[in-house]
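Each chain is listed here by its residues.
There are 4 protein chains.
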Amino acid sequence: MNPIAEHTLHLDPKVRQEARNRLLSAKGHLEGILKMLEGEPYCVDVLKQIKAVQGALDKVGDLVLKSHLEHHVASAAQRGDTDELVAELMEVLKYR
Amino acid sequence: MNPIAEHTLHLDPKVRQEARNRLLSAKGHLEGILKMLEGEPYCVDVLKQIKAVQGALDKVGDLVLKSHLEHHVASAAQRGDTDELVAELMEVLKYR
Amino acid sequence: MNPIAEHTLHLDPKVRQEARNRLLSAKGHLEGILKMLEGEPYCVDVLKQIKAVQGALDKVGDLVLKSHLEHHVASAAQRGDTDELVAELMEVLKYR
Amino acid sequence: MNPIAEHTLHLDPKVRQEARNRLLSAKGHLEGILKMLEGEPYCVDVLKQIKAVQGALDKVGDLVLKSHLEHHVASAAQRGDTDELVAELMEVLKYR
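Chains as they are written, first to last, in numbering that gives the first Met the number 0: chain A, 0 to 95; chain B, 0 to 95; chain C, 0 to 95; chain D, 0 to 95.
Hints listed in this document are in silico derivations from the structure and should not be mistaken for laboratory results. Among the hints, erroneous ones may be present.
Covered by chain D, according to a simulated footprint, are these stretches of chain C (three or more residues, beta-carbon under 8 angstroms) [what the hints assert, rightly or not]:
hint : region
1    : 9 to 18
2    : 85 to 91
A few chain C residues facing chain A, derived, Cβ under 10 angstroms [said to hold, decoys possible]:
hint : residue
3    : S24
4    : M35
5    : E37
In this text, a Cβ means the ideal position worked out from N, Cα and C, and glycines have one as well.
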């Protein structure tokens, strides 16, 4: 359980819904790759499909990140938890 | 249908099996995030889970890429399809 | 001239100094690659050196980003420029 | 000294020249950022410039990688050094 989460910094419900929809679609895409791997696919076709799923996940990450910046990081100085929020954000942005 | 694929440059069966196993595990992880989004998760916890799935997909991509280099690209000069293989590989490596 | 910059959201002087030092070192590294290219280097040795410089630039970017989050983004709600700051930050984080 | 380099797998001279030109331009860009840091720049302007240099280095890396794939990796099966070339290439492509 994340201590900051208990401050009720929950993900915005509208963003949560869009993230769900996009992840469901990414899951469908992943299932397509699994089906592809039951046959005899060409390596590069598999690589392209993996890359497409990665792109979809990047978009979900961007949605969540933008919402987090707007709703939580931008008001950190008011709440007094800037150091914690910035430290954990930097960690999650590494090599993203 | 990829024209080079018809040259029967199929993904190595052992790699195909390992890729399948890892993608099944990534799919399970994705389902976990979907479940998480039914509740009221903290943004950064969602970002961390998405990043973990990305890391798993990176590993599958690496497996397939390594196999492709070993089994297909390394013998391209012998087959005479170097230009096609390198062009499509560069495309798939962009921003990866 | 960036309109937000005029709000005097300048880069923190200590971070600016560390960024300078690290960029000077990256520049020296780059000059080393240029020297290497006067000879007959092996491709992969060049790739490794480029990757090292990229890593050094990533670290400078992280320094500046962390400082920006702490000193400017975290107080955006107080100043009332959250939307602008988040929009430009998302732009710069794309594919980073 | 890289043992494979001694097999005289040198970087193609034309690519070497283009890489040099692009690295010189990247170096000029880096010097511009250093100059910028003597003043009081806005964080995001610094981040954008660092990102631009990274993009320029990515392009140099792509040039060298493409040449390496065409001239060395594609003929690895003929020379019999596939395993070494693929291993070192996978290493350099990690997190690129």
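Q | Per-residue hint verdict: E37/C, partner chain A, C-beta under 10 angstroms | A | For E37/C, the interface hint is violated, since the closest Cβ of chain A sits about 33 angstroms away, which is over 10 angstroms.
Q.
Taking 8 angstroms as the Cβ threshold, is the statement that the region 85 to 91 of chain C is covered by chain D upheld or broken by the three-residue rule?
A. n = 3 at 8 angstroms, threshold three: holds.
Q) Has the region 9 to 18 of chain C got at least three residues whose CB is nearer than 8 angstroms to a CB belonging to chain D? A) holds (count 4)
Q. Does M35/C pass the interface hint, meaning its C-beta sits closer than 10 angstroms to a C-beta of chain A?
A. Violated, because the Cβ-Cβ distance from M35/C to chain A comes to roughly 26 angstroms (cut-off 10 angstroms).
Q.
Please check whether S24/C passes as an interface residue: C-beta within 10 angstroms of a C-beta belonging to chain A.
A. violated, 20 angstroms
Hint check: violations occur at hints 3, 4, 5; the rest are consistent with the structure.
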